[in-house]
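Sequences listed follow chains A and B, in order.
If you're matching positions, the first sequence starts at 324 in the working numbering and goes up one per residue.
If you're matching positions, the second sequence starts at 324 in the working numbering and goes up one per residue.
I should point out that these hints are in silico values taken from the structure, not numbers from a laboratory.
Quick caveat: nothing in here was measured; it's all calculated off a predicted structure.
Each hint should be verified, as a subset may be incorrect.
No copy is singled out in the list; a pair is fine if it fits within one copy or between any two copies.
[To be verified] Cross-link-like lysine to any residue pairs, in silico, SDA-like; alpha carbons within 20 Å at most:
1. K384 to T359
2. K416 to F494
3. K360 to D445
4. K360 to L448
5. K416 to L485
6. K384 to A344
7. K416 to I405
Protein chains: 2
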Amino acid sequence: MPSTTAKTPDVSRRSERSRKAILRASMELVGEVGYTKLTIEAIAARAGVGKQTIYRWWPSKAAVLLDAFTEVVRSEDYQAGIPDTGDIEADLKTVLRATADEFSDAAFEAPYRALAVASAADAELAEQFVRRLQEPGLEVYIARLRAGQQAGQIDPDLDLRLATEVLLGPFQQRWLNRSGPLTHEFADRLVEMALRAFAPRA
Amino acid sequence: MPSTTAKTPDVSRRSERSRKAILRASMELVGEVGYTKLTIEAIAARAGVGKQTIYRWWPSKAAVLLDAFTEVVRSEDYQAGIPDTGDIEADLKTVLRATADEFSDAAFEAPYRALAVASAADAELAEQFVRRLQEPGLEVYIARLRAGQQAGQIDPDLDLRLATEVLLGPFQQRWLNRSGPLTHEFADRLVEMALRAFAPRA
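Kindly generate the complete structure, drawing on both the sequences and the hints.
Structure, rendered in structure tokens:
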């Protein structure tokens, strides 16, 4: 039973390769067939592993997808946070424009929508979705706004948590409801309006 | 075949009674069993009508639910719009607190969540969801903000459409993601922060 032997470097490498193949396959497939029709069997086939390998590591397809997106959140880009050029308006526009581009890319958007929909319908999944994906996303904005406070560009008494919701809630609403285009123009106007609320009181 | 005869007052009254019973049954049932398990058969049984009556009037369970919520949107309360006491901050807090109460009521929240989730997963349904439910909701806010512009309390150059998204997007995000409590406190802080963005420029 290779899976229970002490891990040699080779086994570890093979496991990590399988894990990454499974996560990648889950993202691809949910984009192609939707969350409802996504199956562990299909993920296994696409990843070139046995389905028992998946069941050994994850309890459900939702858990696989959550891990796939958690990898994205942990990736270099996200860890680097929001740039701080000293110009908070420009920096927030840069990152919100990039987010708009990301949500216009079906390879990202389709699986993320599937996960958001599944979470909205399931309180337990929602708790993990928020803790593992949404909160780390808000944290990078909070860090940038805090730097803005130190630079005197943001009200020192601002509720930074609520501020990030004011900045990102309208984006999520447009996206989930498909109620308007996620353009650079929208990103810019949203940042400008939010910063009027965040500015130091005159 | 009574359904194809010219409508006498009696038939009309009976039809209207059946229609209302069907809409009410759909709201109750989706709250009890969820959208996935909701069936036309169960709605018909609860409403005391034959399922053919439902199929004659609606193409799908989503269509029934959409009509049920459209009734709510068309109800007196909504048609009256947001109160205008002359104090825009107080008026927006009143209505957003009432909305928070509404979303804390499972009889409203569960079926509305089911519809929002179904819409997020289905672009065609989303188009109707936005046009028939979200847009009329935004319009009453836009009307109140416009009155605020005329009263000199709101920036005359403000993009009122984007402003309503800034006010309501954070509310929807918290609600759908269950990422925070929908309290009167939250409603008040959100209105206060949004109004800082909406105020006339100094």
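Next item on the list: With 20 Å as the alpha-carbon cut-off, assign the pair K416 and F494 to within, between, both or neither.
Entry: This pair counts as within: shortest intra-copy Cα distance 13 Å, inter-copy 22 Å.
Checklist line | 20 Å Cα threshold - placement of L448 relative to K360 | finding: Both, since 18 Å and 19 Å are each at most 20 Å.
Next item on the list: First find the shortest C-alpha distance between K360 and D445 inside one copy, then the shortest across copies, and answer within, between, both or neither for a cut-off of 20 Å.
Entry: both (17 Å within a copy, 14 Å between copies)
Next item on the list: First find the shortest C-alpha distance between K384 and T359 inside one copy, then the shortest across copies, and answer within, between, both or neither for a cut-off of 20 Å.
Entry: Both, since 10 Å and 18 Å are each at most 20 Å.
Next item on the list: Could you figure out if K416 and I405 sit no more than 20 Å apart (CA to CA) within one copy, between two copies, both or neither?
Entry: within (10 Å within a copy, 33 Å between copies)
Notebook entry, point to check: Are the CA atoms of K416 and L485 at most 20 Å apart within a copy, between copies, both, or neither?
Noted result: For K416 and L485, the Cα distance is within 20 Å both inside one copy (19 Å) and across copies (16 Å).
Item checked: Within, between, both or neither, where K384 and A344 count as close if Cα-Cα is 20 Å or less -> For K384 and A344, only the intra-copy Cα distance (14 Å) is at most 20 Å; the inter-copy one is 38 Å.
Checked against the numbered hints given earlier, the structure satisfies every one of them.
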